[in-house]
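**Q** Sequence:
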Amino acid sequence: MLAGRPSPRAASFAHQAMGIVLRDAGRLPEALTEVQRALRLARRCDADRTADVLATLGLTLAWAGRTAKGLRHLEEALPLTSRTARPRLLLRRAQALYLAGRYPEALRDLQSSIQGSHRLGDRLWEARGLNNRSVVHLAMGAHTLADADARRAEPIFVELGQLLESAHCLHNRAHAAHARGDLPAALVLMDDVAQRYGQTLGLLPVDFTIDHTNMLVTAGLATEARTLLGPVLDGEVPRAKEAELLLTAARAALADEDTDVAISHAVHASGVFARQHRPRWAQRATLLALQAESLAAAASGTPRRPRDHGPQAPPTPPSGPEHRPARTTSLARRAADMAASLSAQGSAEAPTALLLHGRVALAAGRHAEAEVSLALAARSRHTGPPLGRAAAWLAAALLARQRQDRRGLLLACRGGLDAVDEHRGTLGDLELRALATGHGLELATLAVEESLRAGTARDLLWWTERWRATALVSPSAGRPDDPGLERAVAALRDVARRLDATAGGDAATATLTHERARREADVRRAYRHLRGSGGARGFDLTGVLDALGGTVLLSLVNVGGTLHAVTVARGQVRRREVGPLDAALREAEFARFALRRAAHGRRSDLGSTAGRLQAALLGWPLSTTGPDRVVLVPPADLLTAPWGLLPAFADTVLTVSPSATLWLAARQSRASGGHVALVTGPGLSTGESEVTRLSPMYAAARSVGGAEATVAGALSVLDGARLAHVAAHGTFRADAPLFSSLLMADGPLAVHDLDQLARPPRAMVLSACDSGGAAPIGAHEALGLVSSLLAMGTSTVLASVVPVNDRATLTVMNHVHTVAGAGGSLAEGLLAARRAGRDDPLVAATTAAFTAWGA
8 MLAGRPSPRA ASFAHQAMGI VLRDAGRLPE ALTEVQRALR LARRCDADRT ADVLATLGLT
68 LAWAGRTAKG LRHLEEALPL TSRTARPRLL LRRAQALYLA GRYPEALRDL QSSIQGSHRL
128 GDRLWEARGL NNRSVVHLAM GAHTLADADA RRAEPIFVEL GQLLESAHCL HNRAHAAHAR
188 GDLPAALVLM DDVAQRYGQT LGLLPVDFTI DHTNMLVTAG LATEARTLLG PVLDGEVPRA
248 KEAELLLTAA RAALADEDTD VAISHAVHAS GVFARQHRPR WAQRATLLAL QAESLAAAAS
308 GTPRRPRDHG PQAPPTPPSG PEHRPARTTS LARRAADMAA SLSAQGSAEA PTALLLHGRV
368 ALAAGRHAEA EVSLALAARS RHTGPPLGRA AAWLAAALLA RQRQDRRGLL LACRGGLDAV
428 DEHRGTLGDL ELRALATGHG LELATLAVEE SLRAGTARDL LWWTERWRAT ALVSPSAGRP
488 DDPGLERAVA ALRDVARRLD ATAGGDAATA TLTHERARRE ADVRRAYRHL RGSGGARGFD
548 LTGVLDALGG TVLLSLVNVG GTLHAVTVAR GQVRRREVGP LDAALREAEF ARFALRRAAH
608 GRRSDLGSTA GRLQAALLGW PLSTTGPDRV VLVPPADLLT APWGLLPAFA DTVLTVSPSA
668 TLWLAARQSR ASGGHVALVT GPGLSTGESE VTRLSPMYAA ARSVGGAEAT VAGALSVLDG
728 ARLAHVAAHG TFRADAPLFS SLLMADGPLA VHDLDQLARP PRAMVLSACD SGGAAPIGAH
788 EALGLVSSLL AMGTSTVLAS VVPVNDRATL TVMNHVHTVA GAGGSLAEGL LAARRAGRDD
848 PLVAATTAAF TAWGA
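So the mapping is simple: the working numbering equals the position in the sequence shown, first residue as 1, plus 7.
One should not assume that every hint holds.
[Said to hold, decoys possible] Across the chosen pairs, the derived CB separations fall in these ranges:
(1) Gly626 with Arg282: 54 to 64 angstroms
(2) Thr693 with Ala743: 24 to 34 angstroms
(3) Arg619 with Arg845: 12 to 22 angstroms
(4) Gly372 with His521: 51 to 61 angstroms
(5) Arg609 with Thr717: 31 to 41 angstroms
(6) Gly541 with Asp344: 41 to 51 angstroms
[Claimed, not checked] No more than 20 angstroms apart at the CA atoms, straight line, and that leaves these computed lysine to aspartate or glutamate pairs for EDC-like:
(7) Lys248 with Asp218
(8) Lys76 with Glu37
(9) Lys248 with Asp31
(10) Lys248 with Asp344
(11) Lys248 with Glu37
(12) Lys248 with Asp214
(13) Lys76 with Glu112
Just so you know, these hints were derived from the structure itself, not from any lab.
Built from N, CA and C at the ideal position, the CB exists for glycine as well.
Model the full assembly from the supplied sequences, consistent with the hints where possible.
**A** Set out below in structure tokens:
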């Protein structure tokens, strides 16, 4: 148009359109140049043309952070605007007011704009008004109203062919779902949004990355969130979004406990928001910086406060005790000012600020003002999304502890954990459920510490088990109903098979590793859409006591880095202190190393290793013997200790369980009937001899091996089995425990494949190296092949915690199945193997590497 020497009016439209496109692309200096040219041309035309360009200029200036000047241009445009053009002007002014944090004024303009557009029959701008009002409702915490406006606007945009703006509506709905605590719905909508953005833009806008990052932080995936955000931060950031990106990066860093980076980004963001005249956003950033300072202070005893607005790490504060009171007091004072300001505004962030002030005021010894803030923060414990209520219950618990109100403390902890359970109950994905338990960690810790202080062993057991491995006992959501999932799992299996066959260190390996990560992300995405089926099963102490009979329950509890043993025997609950957790973790790692050496025929003093391990894990001397039957429930990070190596359990039927609740559920779910399934994977040094030896014990066993031992073939014989034995190479993925696998003829059989089973095996032997590995996740959760099978409903799993000697394993399995084939349990079979192999060091070491999990 401009090349054709148009009229001033046409040229003003052309420059204005160019300015809008440049503005939306984040190229704000160029955008302002074009819009200013459009304004000079418009002034040569008429009032309506001038008003329209003034409105565009005003909004562009607001995007550029010059909000006050932008609003002046919008005010200048108002008297020049005709009645029919007024709704469009009001919408633009509302956008500028929103950027300035003046939400009530923005709502008033949007209401007038929507009504005016509706009267004029201007459906496009009516839909734009609705969608913009949705954004303002989100900022004010009115999530239901935000969703309703976006739902009304979206079909109008689709009907008018405005697919990009329809994507904005879906984006706002995803944001609303996240804000009200419905994470699965938010993630489903975000996938739809990504698809529409791809269709219209060919790329994902910065706002999408910001919101997706925040959702991942809520899900407990802080590292993944930072990885997602990294390339955007490292690229060319649109000036209008710079501060929001920095704030999001600060939030992700804080969730990852990287307080230095969190403080730096938050302070930098606050400065940019202030320069953009966006005071409410600046307050959000400052609040997050204060939260990070508080976390740093709790970790080091010294609050940290940066002195500049740059993105670099903050300077190290003065050290020494003489600086701590002043700095703690300063942090408390700034937190008090923030809490007062946000409370006066009625901000949605006020409860967070009040809880923060309560914490730091307690640390500073300002108990009276701490009690006031905590009491105010606790008011919202009955309203709002579940995680918000959990935070309010935490405030109530801290207040009760300050007042030495033990009953109030425990009631608040129970209320808070119930709220976290409600959030967790919406999640169908096992990994997300495990991560969600982290939201209740502080509440559970307060209750456990109070029980220990009061000296009540029964309460200590109850509160420990109330929050231990709860993700595994939640009702399973099954397999996602996603047509693309089967293709994604098959593609992942193919990539993993090719990766295993590739020599490490070359370009092909790097390419396949990248492809594997991409395929795993596809599978994860499908599972994260799963919706949970409701609340978790609570801890039934009476039911556990009744089910134990003559069996002893030994629960190991970590309280502040010290292990305590809670023993339940003949209805009596007793507690004793064991020792430092660090020592137990260290000895467990030494013991696993010793067993790995023994598996390769190397000399290893397992006797002294076993003695040190027992002293560190149980506090018992080497001469102490255990009871006949024991259910052991350790902390998540000790779940894979080689418990069978302990001399105290040399003559004990020992089962290890992630929680007493899971043990009780497994015991109660034992059903009769079913076949025996025998599966042999490829590449074993013993070939199919392991299963061949077992076949005579089970005349009607269903077996699969060789080329027929595909993933599908294995699943077909495993489904509905009362007892299954899988001899195969295993791989434990500490970085992605739910992608741990057993090698079949056509590739790995992973946890997500097992979800296809209509009825998982009631008891299962994983005669595979390292198949018993588990990675601690969330608060008191550990995920891997074994825990996943237990979560699916398998009662007992026998697996090794380190690589084992294949030929010695033949002997061990023969003893195990001799007992199991006669009607005994896998734990009883493992005891028989332990007794029979005492005089053979290799067999003894191999037996010690196996653990019976479950019941």
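**Q** Hints first: check each against the structure and report whether it holds.
**A** These are the hints, each one checked on the structure:
For Gly626 and Arg282, the hinted distance range of 54 to 64 angstroms is satisfied, since their beta carbons lie about 60 angstroms from each other. The supplied range of 24 to 34 angstroms is met by Thr693 and Ala743, whose beta-carbon atoms lie about 29 angstroms from each other. Range check, Arg619 to Arg845: about 20 angstroms between beta-carbon atoms, so the 12 to 22 angstroms window is met. Range check, Gly372 to His521: about 53 angstroms between beta-carbon atoms, so the 51 to 61 angstroms window is met.
Here the CB-CB span from Arg609 to Thr717 is close to 36 angstroms, well matched to the stated 31 to 41 angstroms. Between Gly541 and Asp344 the Cβ separation comes to about 42 angstroms, which falls inside the hinted range of 41 to 51 angstroms. With a C-alpha separation of about 12 angstroms, the suggested pair Lys248 and Asp218 falls inside the 20 angstroms cut-off, and the hint holds. For the given pair, Lys76 sits about 18 angstroms from Glu37 by alpha-carbon distance, which is consistent with the 20 angstroms threshold.
Restraint check for Lys248 and Asp31: satisfied, since their Cα atoms lie roughly 11 angstroms apart, inside the 20 angstroms limit. Restraint check for Lys248 and Asp344: not satisfied, since their Cα atoms lie roughly 27 angstroms apart, outside the 20 angstroms limit. At roughly 16 angstroms between alpha-carbon atoms, Lys248 and Glu37 fall within 20 angstroms of each other, so this suggested pair holds. For the hint linking Lys248 to Asp214, the alpha-carbon distance of about 8 angstroms falls within 20 angstroms, and the restraint holds.
In summary, the hint linking Lys76 to Glu112 is supported, as the alpha carbons are separated by about 17 angstroms, within the 20 angstroms threshold.
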